[in-house]
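Trainee: Got chain A sorted already, so can you dock chain B onto it with the hints?
Residue numbers (this note's numbering), protein chains in the order written: chain A, 1 to 305; chain B, 1001 to 1255.
The set of hints was computed from the structure by calculation and includes no laboratory data.
A couple of the hints might just be wrong.
[What the hints assert, rightly or not] Covered stretches of chain A, going by a simulated chain B footprint (3 or more residues, C-beta under 8 angstroms):
1) 21–28
2) 257–271
3) 289–298
Predicted, not measured: the structure shown is a model, and the values here were computed from it.
Here a beta-carbon is modelled for each residue, glycine too, at the ideal position from N, C-alpha and C.
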Amino acid sequence: MSSATKFRLGPKKNLWPYLLITPALAVILLILGFPVFRLITLSFQQFGLAEIVSGIPTWVGFENFQALLKDPEFWTVLRRTFIFTFAMVAASIVIGAWLAHLMLRMNPILRWLLNTTLILVWAIPALVGISIWKWMFSFEFSIITSTINRLGFDFAQRNWFTNTFSGFSIIGGVVVWGAIPFITISIYAALTQVPKELLEAAAIDGANSRQIFRSVILPILLPIYVILISLSIIWDFQVFTQIWVLLDNRPASEYYTMAIYAFEKSFGLSEYGMGAAIALLMIFSLLGVTWFYIKKMVQIGDGNA
Amino acid sequence: MGFPVYWMVTTSFKNRQDVLSTEPTILPRSFTIENYQNAFSREGFYTSLRNSLIVVLITVAISLFLATFASVAIARTKFTGKRSFISALLIVQMLPLSALIIPLFLLLTRLQLTNTIGGLALTYVAFILPFTIWTLRGFLANIPTDIEEAALVDGCTRVQAYRHVLLPLMAPGLVATAIFAFIQAWNEFLLAYIIMQSQENLTLPVWLAGFTTRTGTDWGPLMAASTVTAIPVVIFFSLIQKRIATGVTAGAVKG
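Pulled out of the complex, with its shape left as it was, chain A reads as follows (with noise of 0.2 angstroms):
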């Protein structure tokens, strides 16, 4: 800490910060400024397609909102949210630092092999990979299920959607395959980034590789957990394009989750405001649940971590 107040740039009065920060923040309050404002504003507004035709929105208060939290398919979509969201971040962080690790051990021609396999994941775009996904799960020409008839088992032609708990699981599947590369490298870069030195001081020392994760590795990557971790949460938790396009456009209700929820009411009912007023709630949901870890991860920026 002291080496940084060292570098800092200047006495007290310094505008060099504000400089390289103006740029991009000129970007995005641009772009995503008004969006947001306008989303809130709506939020207080009935405005249906009546409103549209004429322009005029009419005020409401806090009438949406309330409708809303009355509402008990509001609560039972929250409720499935959360535990879908939880599912998902948990499977992709354990996979992914599992086979961040197992990188570091891996004989450099299979790192490779998996690195690779790894971009390439990454690479397809999201839209493809989500078609491919359908496709392998589909009714009629399921690789899938076609495998698990040759096994000897009796599928015929599944719809798995049928099911929800095989539904959510194929999303799921979809969404954390989409989600590990990033994961993987992430972890993979910061294993990479910890001084052999240290590892090498503490072997010397008689420490054993179970200690030297515990009190070496795991501070220095800590951080990236807690960002890894946060991201995850609020990337899955608004996950809407892998359900929509797996559900054919028409999920069913029992498939809604906040994100879906926020669109149907918006455009499927022209409820936009309701959208809205759904919208905003989702982000405040999604900051009490991260409110721990945005607040470490403002500590982690802010060098007092």
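Mentor: Using the frame of chain A, we list chain B on its own:
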């Protein structure tokens, strides 16, 4: 992990009959390049390839440029409002895109930026920036400040210390961040679909979506086109992968 990729590539070389077989086999039974011929001869392949390349290169260049400055500010300086700035970067990522689309479209219409490469690239930069700043900050935090200090002691100016000492050390971080920005922009669908409406302005993912119509999906050609779409990312990565693996930081610290 790799199976879906394998399935995409092998399907792209199968003939129509095998693609639509109700009893698909894991090993391909036929080999043909007709899916690729079909995909390439479709309207709009070359224009959307060109559009995608332009949008992505602009996005990566601008967002990396802006993010480098901002991340140095966060990682190397103290200033009032820093915490708010960091919090804003994190909260921006929580905004659900599916809900922001309509007001965003209205805004771009007002700025007369819809259906322009510049408008799409600007939007991408705004959405990608928070994450790129954050990632670069992480890489910067792992670079010891001693090296810059030494440069300062040796008589470098602050800007020189950044340019000649810090920037080269940031290289692996910049590369990794560039890959991320590249892939995000290259694969983005929803924004491109809403913002770019005319046929000559499509990007590759939007063009790919055209393979699925009301009557069904043209799987063979779609898999061929998807394989082709994935290739630039793979090449891009393999060119620079070495720099990440060798870890420029470790070498510098030792030296």
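Trainee: Indicate, hint by hint, whether the structure satisfies it.
Mentor: Going through the hints against the structure:
Note: the segment 21–28 of chain A has 6 residues with beta-carbon separation from chain B under 8 angstroms; the three-residue rule is met and the coverage holds. Residue count for the segment 257–271 of chain A with a Cβ under 8 angstroms from a Cβ of chain B: 5. That meets the three needed, and the coverage hint holds. Coverage of the segment 289–298 of chain A by chain B holds. Counting CB-CB distances below 8 angstroms, 4 residues qualify, and the rule asks for three or more.
This entry satisfies every hint, going by the numbered hints stated previously.
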